[in-house]
Structure formats: C-alpha cells, structure tokens
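Following the hints, complete the assembly by docking chain S onto the known chain F.
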Amino acid sequence: MVADKTFTCTVLTPERRVLETAATFAAVPAFDGEVGIMHDRAPLLCRLGVGILRLDTPQGAQRIFVDAGFAEMLDNKLTVLTEQAAFAKDVDVEAERAAEAAARSRHAKTPEEQAARQHEMTRAATKLKLAAGS
Amino acid sequence: MANRRQLVRRRRSVRNIRKITRTMQLISTARFQKALNRATATKPYARKLADMVTAASRAVQDVRQPLLETPDVNKSALIIITSNRGLCGGYNANVLRTAMAVTRERREAGESVELHAYGKKGVNYLRFMDEPLTVASSAIGDQPRFEQVAAVADSLMTAFAKGALRSVDVCYMRFISAGVQRPTVMRLLPLTNVEDEGEAAAAAAEPQRDIVFDYLPGPKELLEELLPATVRMRLFQCFNDAAVSEQVARMVAMKAATDAAGDMIRILTQQYNRARQTAITMELLDIIGGVAAIS
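One line per chain: the protein sequences are F and S, in this order. Each residue of the first sequence is one higher than the one before, counting from 20 in this note's numbering. Each residue of the second sequence is one higher than the one before, counting from 732 in this note's numbering.
Same shape as in the complex, but just chain F (with noise of 0.2 Å):
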C-alpha cells in the first residue's frame, strides 16, 4: 500500500531541531500554494511563504506552523528550514491578536514598510488559524 511507505521529515530553525519524525504525506506550504509530497518524490528545493506544514505520520496527523524558508526534498528526506516554527499548543493567542491588530492599525508609507506589515498579518493570522483548527 502506499501509505505504507514514509520518508523522513525534518523541521529546522536557526535555534533549534523542531521535529523529526517519519511521515506518509506532507503539504508544505510554498510561497505559491501548497505542494503536496509522498514517498519518492523527485528532488526538490522550493521557498515557503507564511503558512501551516500538515503532515501525515503513522502517529497521526501534525499541524505546524511556518514563517518562511526553504524545503528541500532529497532521497525520501524532506527538510524544511524556516526561521520561525511553532505547534499549536505554543501559540499565544492573546498574544498574536494584539501583533494582528497592531500591525493592522499601523500606518505603512513605503512599499518595504507594506510588506512588513502585510507580513506580520498574515503571520498572526496563520498562527491564530492553527491554533483554532487544532
């Protein structure tokens, strides 16, 4: 069966090993879209935008959050570097409301400053997402 059959994923940050663990199927979340990946995937290095990795583990499903990187897949190992990562359960929510609201209410003049908020909205609001869905 092909469910049967894992590779290994890896989620690292600057700081630290965030997970490790086999996996049947990943949707990682690319700067694009989602790209989904099963075992034997051809290689491939993508960017990531702000968004929720799901995957699929013998174990049962895991839902972690993402801000930015790059994934790599390569001989059944997928790695996804990103500067920032964070399960469900360590999301702060009070926390990401206020950031949410006070980079909405924020005054953004230059096409950079635009960015950065429209960033940090979409940050708060990604992780306020995973931690009402789980």
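Bear in mind the hints are in silico, worked out from the structure with no lab data behind them. Here the structure is a predicted model, which is why all the values come from computation and not from measurement. Glycine included, each C-beta is placed from N, C-alpha and C at the ideal position. One should not assume that every hint holds.
Among chain F residues calculated to face chain S with C-beta under 8 Å, some are [to be verified]:
(1) Glu34
(2) Ala46
(3) Gly68
(4) Ile71
One-sided excerpt, in silico: chain S residues whose CB lies under 10 Å from chain F [said to hold, decoys possible]:
(5) Ala787
(6) Asp945
(7) Pro948
(8) Pro950
(9) Leu953
Below, chain S without anything else, positioned relative to chain F:
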C-alpha cells in the same frame, strides 16, 4: 598583636572571595554547557542551508548578486562582539585588541571604518577610546535569539546592497574547542565561499553526483532568498560562538582565581601561625625573665 588581627581578617576576606569565585566557576560551567548545546543546535540548519545554496548556485550559470559584489566605496563596517559582563579574564581585551588592530590598519590604508559594538564591555572601552560608534548595543547578551540577530543582519544587508559599505566584517571570539578560542575577524559581506561548508560535508559523505532538482520558483530566485538567509545564519553563529567562548573564558578565569585564593589562604595561615608562635614565645620569655628577676 595588631598584626595577628589583620592576618585573620585578611584570611577571612580571601576565603569569602574564594567562595564567590568558586560559585561563579560552577555557574559558568553550567552556562557553558547550555551555550554549547545552543551553538551545536544551530549546526544542522546551517549545513542544510549551505547544501541548498550549493545546489541552487550550480543551476544558475552566472551568479550575480549584490551580496556577492564589492561596491566601489571607501567605507567598511566592523562588528565587534564582546560580553555584557566582566570577570572573564582576557576575553574582551583580546577581542578588542584584534578589532583595534584591524581598524588601525584599514585607517592607515585610507579607508573609513564604521564600528558596530555589541556588548557592554566593548561599548565602554570604545567610548573611553573616543571612537565614534555607529551602533552601541548591549541588548543581545549571552543567549542570542535569532530574531535579534536577523534584524541586525538585515539592516547591514540593506546598507551593503545600497552600496554604502565596501565590506562588513565581524570580530568575535571564535570557539574552536573547550581549550582553544581565538579572536577572529570574519568577512560577512560580500559573501565568500558560500559553497564551501556544504560541499565539504557532502564530499565527505558521498562522491559528488548531479542531482536535478525541481526548483520552485527558479534557482535564481531561490538564491536571492538563500543568500540573505546565509548571512543571517552566519552572523547568528558568530554571536553563538562568542557566547560559548565567553563562558569558557569565565570558567578558566574563575578557576584561576579560586586556585590563587587557595594559595593565598595557605600563605596567610602560615604567616598567622608564625606570628602567633612568636607572640607565645615572647610572652613565655617575659614570664621566665620575670620569675628569674624575683628569685
């Protein structure tokens, strides 16, 4: 008599100091372990990132990136990482000496150098030397967090990409092993040997092979994101290395202080005993002399 009192008092104070230095030695040993673990935890990310850079830059024919070029200006920046706290022997002095040597050399060559000081000790020293500081921060401390360092790296990259700086170097205490740390000046920008780290690891593990990746979006766009990430990561590793070295330096300094205090206590005890014995002998002589005079 006064002499004996003094000796007792001195010995007591040395003993108290020894208690403090011994405790600090134990604390810094524990902190060293933690800092080392944190520094080691950054390795997998750094290695993978280097691998990805290698893969992406292979696929791009001519790699032309603002972060790889040297702009034609006569100004460079030097980041100096020192500790916020003292009592760590020659740690800060060594870093600062190296930093000043580099600065002087560049100035003699007619280049203007911006100094970015991180860590209270470095800031104080450079202020004392009347050096103008572009950045003087003591916020990062001995447990650097990635966001803090990333913000620093981002502002440097912006300045560099605009062509305001010719190069950016980091002067910090590189941690080689628990016994060896060396003050090092590392070039942060323009980025150099981006492929080395990953390739060395890969070459050791397996012979080179050509892997055809699916690139999302394209290798060039990926590289545009991978290179800044590399810069951020390198700077983060510098701060981590510095934190580990600081703890080692403190450990060594406190061990030396504890040992020296022990020696001092021994000498003081000896002096005290001798003084006491002399006093007793004197008293005995007095008494014997007195008795002899009466009879």
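Now the hints, each set against the structure:
{"no.": "1", "hint": "Glu34", "verdict": "holds, 5 Å"}
{"no.": "2", "hint": "Ala46", "verdict": "violated, 14 Å"}
{"no.": "3", "hint": "Gly68", "verdict": "violated, 11 Å"}
{"no.": "4", "hint": "Ile71", "verdict": "violated, 18 Å"}
{"no.": "5", "hint": "Ala787", "verdict": "holds, 7 Å"}
{"no.": "6", "hint": "Asp945", "verdict": "holds, 5 Å"}
{"no.": "7", "hint": "Pro948", "verdict": "holds, 7 Å"}
{"no.": "8", "hint": "Pro950", "verdict": "holds, 8 Å"}
{"no.": "9", "hint": "Leu953", "verdict": "holds, 6 Å"}
The structure is inconsistent with the numbered hints 2, 3, 4, although it conforms to all the rest.
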